[in-house]
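Chemist: The opening residue of the sequence shown carries number 0 in numbering that gives the first Met the number 0; numbering runs sequentially from there.
Simulated from the structure, these hints should not be mistaken for laboratory data. It should be emphasised that the depicted structure is a prediction, and the values quoted were computed from it without experimental measurement. There could be a bad hint or two in this list.
As the list claims (entries may be wrong) - Estimated spans, in silico, between C-beta atoms of each pair:
| hint | residue 1 | residue 2 | range |
| --- | --- | --- | --- |
| 1 | His264 | Leu114 | 20 to 30 Å |
| 2 | Ser330 | Asp54 | 36 to 46 Å |
| 3 | Glu136 | Thr53 | 15 to 25 Å |
| 4 | Gly230 | Thr111 | 24 to 34 Å |
| 5 | Arg241 | Arg311 | 20 to 30 Å |
| 6 | Ser24 | Phe336 | 22 to 32 Å |
| 7 | Pro125 | His334 | 20 to 30 Å |
| 8 | Ser330 | Arg112 | 34 to 44 Å |
| 9 | Asp55 | Ile23 | 27 to 37 Å |
| 10 | Ala234 | Phe336 | 35 to 45 Å |
| 11 | Arg2 | Cys335 | 35 to 45 Å |
| 12 | Arg341 | Arg112 | 39 to 49 Å |
For each residue, glycine too, the CB sits at the ideal point set by N, CA and C.
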Amino acid sequence: MSRTTTIGVIGGGQLARMMYAPAISLGVNLRLLAEGPEVGAARVIKDVVVGDYTDDATVRGFAADCDVITFDHEHVPTRILRHLAAEGMLVRPGPDALEHAQDKLLMRQRLTRTLAAPAPLWRHCPDALTLREFGAEIGWPIVAKASRGGYDGHGVWKLAGPQECDRPFNESKDASAGEMVEIIGEEYIDFARELSVLVVRSASGQAVSYPVTETVQREGVCRETITPAPGLPPARAAEITRLGLDIADELQVVGVLAVELMQRHDGSVVINELAMRPHNTGHWTIDGAHTSQFENHLRAVLDLPLGDPRSRDPWCMMVNVLGGGVDDLTSELLHCFARDPRLRVEFYGKQLRP
Numbered sequence: 000m001s002r003t004t005t006i007g008v009i010g011g012g013q014l015a016r017m018m019y020a021p022a023i024s025l026g027v028n029l030r031l032l033a034e035g036p037e038v039g040a041a042r043v044i045k046d047v048v049v050g051d052y053t054d055d056a057t058v059r060g061f062a063a064d065c066d067v068i069t070f071d072h073e074h075v076p077t078r079i080l081r082h083l084a085a086e087g088m089l090v091r092p093g094p095d096a097l098e099h100a101q102d103k104l105l106m107r108q109r110l111t112r113t114l115a116a117p118a119p120l121w122r123h124c125p126d127a128l129t130l131r132e133f134g135a136e137i138g139w140p141i142v143a144k145a146s147r148g149g150y151d152g153h154g155v156w157k158l159a160g161p162q163e164c165d166r167p168f169n170e171s172k173d174a175s176a177g178e179m180v181e182i183i184g185e186e187y188i189d190f191a192r193e194l195s196v197l198v199v200r201s202a203s204g205q206a207v208s209y210p211v212t213e214t215v216q217r218e219g220v221c222r223e224t225i226t227p228a229p230g231l232p233p234a235r236a237a238e239i240t241r242l243g244l245d246i247a248d249e250l251q252v253v254g255v256l257a258v259e260l261m262q263r264h265d266g267s268v269v270i271n272e273l274a275m276r277p278h279n280t281g282h283w284t285i286d287g288a289h290t291s292q293f294e295n296h297l298r299a300v301l302d303l304p305l306g307d308p309r310s311r312d313p314w315c316m317m318v319n320v321l322g323g324g325v326d327d328l329t330s331e332l333l334h335c336f337a338r339d340p341r342l343r344v345e346f347y348g349k350q351l352r353p
């Protein structure tokens, strides 16, 4: 009898939780390094280690019983991943790729230099004076970003004028387990909408792309997605898809790569951020695509043939419910189910947020 393959997932959030069902279908075991016993993924996955993903010994001990390592988030220190890779552990995506999702400055430098990828005007700003000079040069307002550790709108500042340029330096910190955090100044873009393209690349280089999605963000959090992006000309959709595939190939990504974009009012796009793991703008794929992003991520890290990423229907909409003033979600869900039998719900296993 052959031994069951074990995929180690670092991080216990909803992304790891949503990998569980396709792991069962693929006949593989998921082993979880979770932040605590009550996080979303730890409630459904049996093989759980509770520990600190920023501790070298903890991560290496966890990885020892796994065949390959992947991620629920990008916050594992790069130095730890390099230690694992140097010891022969399969880390997918590898640290040389993942650091471009961990470090926004490195991402901007690499994509500008090698791919001439579309980007807002930007500059590395080692101090407030450089940030002020950048703003004076391109015009206010501008955006400042922490190179590491930002998520869901954290680590991003909209600066109205030079008097605010000390804020990013005072408010940012070593948010990635002590690794250096730099400040990047970027052009403020009054965008028409935000878009996302998800591509998946396997260890042997096979790659597929999901349809381009329109995303609605509020306070840095994805609230809705519509797939395919309404009104997007086929030529522009093909351009965005090609961009995602080129980035995945250039960085040698293994697994899901999400490319978040801003579309200007003239129709052109610029890259906002990268993520190298299943992404909230791809949750629609669970039932809306022939193969979900979660299954394809697992297929990619195992170097299995990738599944069909095409949509099942002409349109698919996803709504991200974070909670709020509704105490009885069950009654609300029953009402929604009755109105639309095609509605599907996936619980994150998280506490309600106001």
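Chemist: Could you run down the list of hints and mark each one as holding or not?
Modeler: Status of each hint after checking the structure:
{"no.": "1", "hint": "His264 - Leu114: 20 to 30 Å", "result": "holds, 24 Å"}
{"no.": "2", "hint": "Ser330 - Asp54: 36 to 46 Å", "result": "holds, 43 Å"}
{"no.": "3", "hint": "Glu136 - Thr53: 15 to 25 Å", "result": "violated, 38 Å"}
{"no.": "4", "hint": "Gly230 - Thr111: 24 to 34 Å", "result": "holds, 29 Å"}
{"no.": "5", "hint": "Arg241 - Arg311: 20 to 30 Å", "result": "holds, 24 Å"}
{"no.": "6", "hint": "Ser24 - Phe336: 22 to 32 Å", "result": "holds, 25 Å"}
{"no.": "7", "hint": "Pro125 - His334: 20 to 30 Å", "result": "violated, 55 Å"}
{"no.": "8", "hint": "Ser330 - Arg112: 34 to 44 Å", "result": "violated, 55 Å"}
{"no.": "9", "hint": "Asp55 - Ile23: 27 to 37 Å", "result": "holds, 31 Å"}
{"no.": "10", "hint": "Ala234 - Phe336: 35 to 45 Å", "result": "holds, 39 Å"}
{"no.": "11", "hint": "Arg2 - Cys335: 35 to 45 Å", "result": "holds, 43 Å"}
{"no.": "12", "hint": "Arg341 - Arg112: 39 to 49 Å", "result": "holds, 46 Å"}
Of the numbered hints stated above, those contradicted by the structure are hints 3, 7, 8, listed in ascending order.
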